[in-house]
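Undergrad: Fit chain B to the known structure of chain A by using the hints.
Chains as they are written, first to last, in numbering that gives the first Met the number 0: chain A, 0 to 298; chain B, 0 to 121.
These are calculated hints, taken from the structure and not from any lab test.
Treat each hint with caution, since some may be false.
Dumping the calculated DSS-like pairs for lysine-lysine here, alpha-carbon to alpha-carbon at most 30 Å [claimed, not checked]:
#1 K60/B - K84/A
#2 K64/B - K87/B
#3 K262/A - K91/B
#4 K113/B - K91/B
#5 K87/B - K35/B
#6 K64/B - K91/B
#7 K121/B - K60/B
#8 K113/B - K99/B
#9 K35/B - K84/A
#10 K60/B - K262/A
#11 K30/B - K99/B
#12 K64/B - K35/B
#13 K101/B - K113/B
#14 K121/B - K87/B
#15 K121/B - K88/A
#16 K121/B - K30/B
#17 K121/B - K84/A
#18 K30/B - K64/B
#19 K35/B - K60/B
#20 K84/B - K88/A
#21 K88/A - K30/B
#22 K99/B - K87/B
#23 K91/B - K88/A
#24 K262/A - K101/B
#25 K101/B - K60/B
#26 K101/B - K87/B
#27 K113/B - K84/A
#28 K262/A - K30/B
#29 K121/B - K35/B
#30 K113/B - K114/A
#31 K99/B - K35/B
#32 K35/B - K101/B
#33 K91/B - K60/B
#34 K87/B - K84/A
#35 K115/A - K43/A
#36 K113/B - K35/B
Now the in silico label distances, taken between C-beta atoms and shown as ranges [stated by the list, open to error]:
#37 I236/A - D73/B: 28 to 36 Å
#38 S3/A - S45/B: 48 to 56 Å
#39 H78/B - T96/A: 50 to 58 Å
#40 I100/A - N115/B: 38 to 46 Å
Just so it is clear, CB atoms sit at the ideal spot from N, CA and C, and this is done for glycine as well.
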Amino acid sequence: MELSLLHTILIALDRFALASIIGASAAFIWLLNDHHARTLVQPKLRVMLDGAFITLLFTTAAVLLMRTATMADVPLFEAFPFMEKVVEKSHFGSLWTGRAIALAIMVTTWLFIRKKTPSLGCILLIAASAAIAFYISAASHAGDEGQFTLDNLTNSLHIIGGCLWGGAVIAYLVIITRLRQQGDALHHIIYSSAERLSSLATVALALVISTGLLNAWHRLETIAELWQTDYGITLIIKLGFVAMMMAIGASNRFIIIPAMSGKPATSGRFQRVLTLDALLFITIICMAAALGIQGPGEH
Amino acid sequence: MNTVKRASLYSSLLLLLIFPLVSWGHVHLDKSIPAKGEAVSPAPESLQLWFSGGVETDWSKIEVKREDGTRMDDGEISHINDDPKTLKVTLKPLPAGTYKIKWNIVAHDGHRIKGNSHFSVK
Numbered sequence: 000m001e002l003s004l005l006h007t008i009l010i011a012l013d014r015f016a017l018a019s020i021i022g023a024s025a026a027f028i029w030l031l032n033d034h035h036a037r038t039l040v041q042p043k044l045r046v047m048l049d050g051a052f053i054t055l056l057f058t059t060a061a062v063l064l065m066r067t068a069t070m071a072d073v074p075l076f077e078a079f080p081f082m083e084k085v086v087e088k089s090h091f092g093s094l095w096t097g098r099a100i101a102l103a104i105m106v107t108t109w110l111f112i113r114k115k116t117p118s119l120g121c122i123l124l125i126a127a128s129a130a131i132a133f134y135i136s137a138a139s140h141a142g143d144e145g146q147f148t149l150d151n152l153t154n155s156l157h158i159i160g161g162c163l164w165g166g167a168v169i170a171y172l173v174i175i176t177r178l179r180q181q182g183d184a185l186h187h188i189i190y191s192s193a194e195r196l197s198s199l200a201t202v203a204l205a206l207v208i209s210t211g212l213l214n215a216w217h218r219l220e221t222i223a224e225l226w227q228t229d230y231g232i233t234l235i236i237k238l239g240f241v242a243m244m245m246a247i248g249a250s251n252r253f254i255i256i257p258a259m260s261g262k263p264a265t266s267g268r269f270q271r272v273l274t275l276d277a278l279l280f281i282t283i284i285c286m287a288a289a290l291g292i293q294g295p296g297e298h
Numbered sequence: 000m001n002t003v004k005r006a007s008l009y010s011s012l013l014l015l016l017i018f019p020l021v022s023w024g025h026v027h028l029d030k031s032i033p034a035k036g037e038a039v040s041p042a043p044e045s046l047q048l049w050f051s052g053g054v055e056t057d058w059s060k061i062e063v064k065r066e067d068g069t070r071m072d073d074g075e076i077s078h079i080n081d082d083p084k085t086l087k088v089t090l091k092p093l094p095a096g097t098y099k100i101k102w103n104i105v106a107h108d109g110h111r112i113k114g115n116s117h118f119s120v121k
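Okay, chain A solo, but in the shape it has when bound:
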């Protein structure tokens, strides 16, 4: 498999895991306000978080290995001896160390809160996820002027907003799948959680849009690259998928969720729409990962 394809898959997995952690944590804090429903869904969300943590541990190590191979200009399997030097003597290495520390805090927190999953612990998970998003952003073009700049802060919030948006949809899919197994008895909880998901998605979208505006303000001089390079065309296609997600979100908020009130039969339709939404999110993550590998200079 070509190294750049492997890298794209790795980055996509990494962002998906991060989004899953943020989404599942948000589900514990905000989406599930009913004790009975929480008890029912908790084991499934726990499995989701376990999987996300294992994935993130793997991708964190693999990202370092792949970057080391690139930096040392050696094949992947010859990169191991250079890893220590990358961590100690490179800008990327210092950012990776920050990310690894945030991940260690996150995993330790999870091991402590896994049984009861209190909201406070979930807030800590989101805070550690935000730190990881910060280091991911700092290792990109947004960190060119330094880590503690408006550019990097804006881009970090953009990543967090996107992860919250997609992650919450995925977590809600876990919730609705579990609750629908109980028949129609818990439809009122499905409905109230759907309303909460919609509110959460609106906040996340506001974060994505406002930080996107700030990013564009900094970078609009390169708008011609949108139609002049493969990178730009890939970006336009990605934005098309994002627009589709927004359209689905709008139809959920204004049409589908209001129609669910007191009508259990409609929850199946909502679940199908959210499945499509989640697939779109995964597509966007893959395209964003491909963009990260490709870069605008490559025609």
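TA: Using the frame of chain A, we list chain B on its own:
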């Protein structure tokens, strides 16, 4: 136009305007002294490169060669005035002639970028 179509249209237009355009972009060479294709006199004592983002000294390589392949730089790469977006390599005394530059650098984001250029000494 129904609500869904209207929402799709507005959101598509909005997103095309607002999303970050090059936040995932890679570092590229902005300028160099001597510039690409430039004929200079007297001979420069160093080759200086300015990039669009931070670059690593420990992981980057710059080579300046005569037409016969003789290496004309000392291989020691450093930043100019500690600016992380720059690289500099000291050159040996250059007689008149054409010189090829090859750079193979690592940016702060860990990506490797390669390029080449040339200049001549009158």
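Undergrad: Next, verify each hint and record whether it holds.
TA: Status of the hints after comparison with the structure:
| no. | hint | verdict |
| --- | --- | --- |
| 1 | K60/B - K84/A | holds (16 Å) |
| 2 | K64/B - K87/B | holds (15 Å) |
| 3 | K262/A - K91/B | violated (82 Å) |
| 4 | K113/B - K91/B | holds (23 Å) |
| 5 | K87/B - K35/B | holds (15 Å) |
| 6 | K64/B - K91/B | holds (11 Å) |
| 7 | K121/B - K60/B | holds (26 Å) |
| 8 | K113/B - K99/B | holds (14 Å) |
| 9 | K35/B - K84/A | violated (33 Å) |
| 10 | K60/B - K262/A | violated (67 Å) |
| 11 | K30/B - K99/B | holds (16 Å) |
| 12 | K64/B - K35/B | holds (14 Å) |
| 13 | K101/B - K113/B | holds (8 Å) |
| 14 | K121/B - K87/B | holds (22 Å) |
| 15 | K121/B - K88/A | violated (40 Å) |
| 16 | K121/B - K30/B | holds (21 Å) |
| 17 | K121/B - K84/A | violated (42 Å) |
| 18 | K30/B - K64/B | holds (19 Å) |
| 19 | K35/B - K60/B | holds (18 Å) |
| 20 | K84/B - K88/A | holds (17 Å) |
| 21 | K88/A - K30/B | holds (26 Å) |
| 22 | K99/B - K87/B | holds (15 Å) |
| 23 | K91/B - K88/A | holds (28 Å) |
| 24 | K262/A - K101/B | violated (69 Å) |
| 25 | K101/B - K60/B | holds (8 Å) |
| 26 | K101/B - K87/B | holds (13 Å) |
| 27 | K113/B - K84/A | holds (21 Å) |
| 28 | K262/A - K30/B | violated (65 Å) |
| 29 | K121/B - K35/B | holds (15 Å) |
| 30 | K113/B - K114/A | violated (51 Å) |
| 31 | K99/B - K35/B | holds (10 Å) |
| 32 | K35/B - K101/B | holds (12 Å) |
| 33 | K91/B - K60/B | holds (17 Å) |
| 34 | K87/B - K84/A | holds (22 Å) |
| 35 | K115/A - K43/A | holds (13 Å) |
| 36 | K113/B - K35/B | holds (15 Å) |
| 37 | I236/A - D73/B: 28 to 36 Å | violated (47 Å) |
| 38 | S3/A - S45/B: 48 to 56 Å | violated (34 Å) |
| 39 | H78/B - T96/A: 50 to 58 Å | violated (22 Å) |
| 40 | I100/A - N115/B: 38 to 46 Å | holds (39 Å) |
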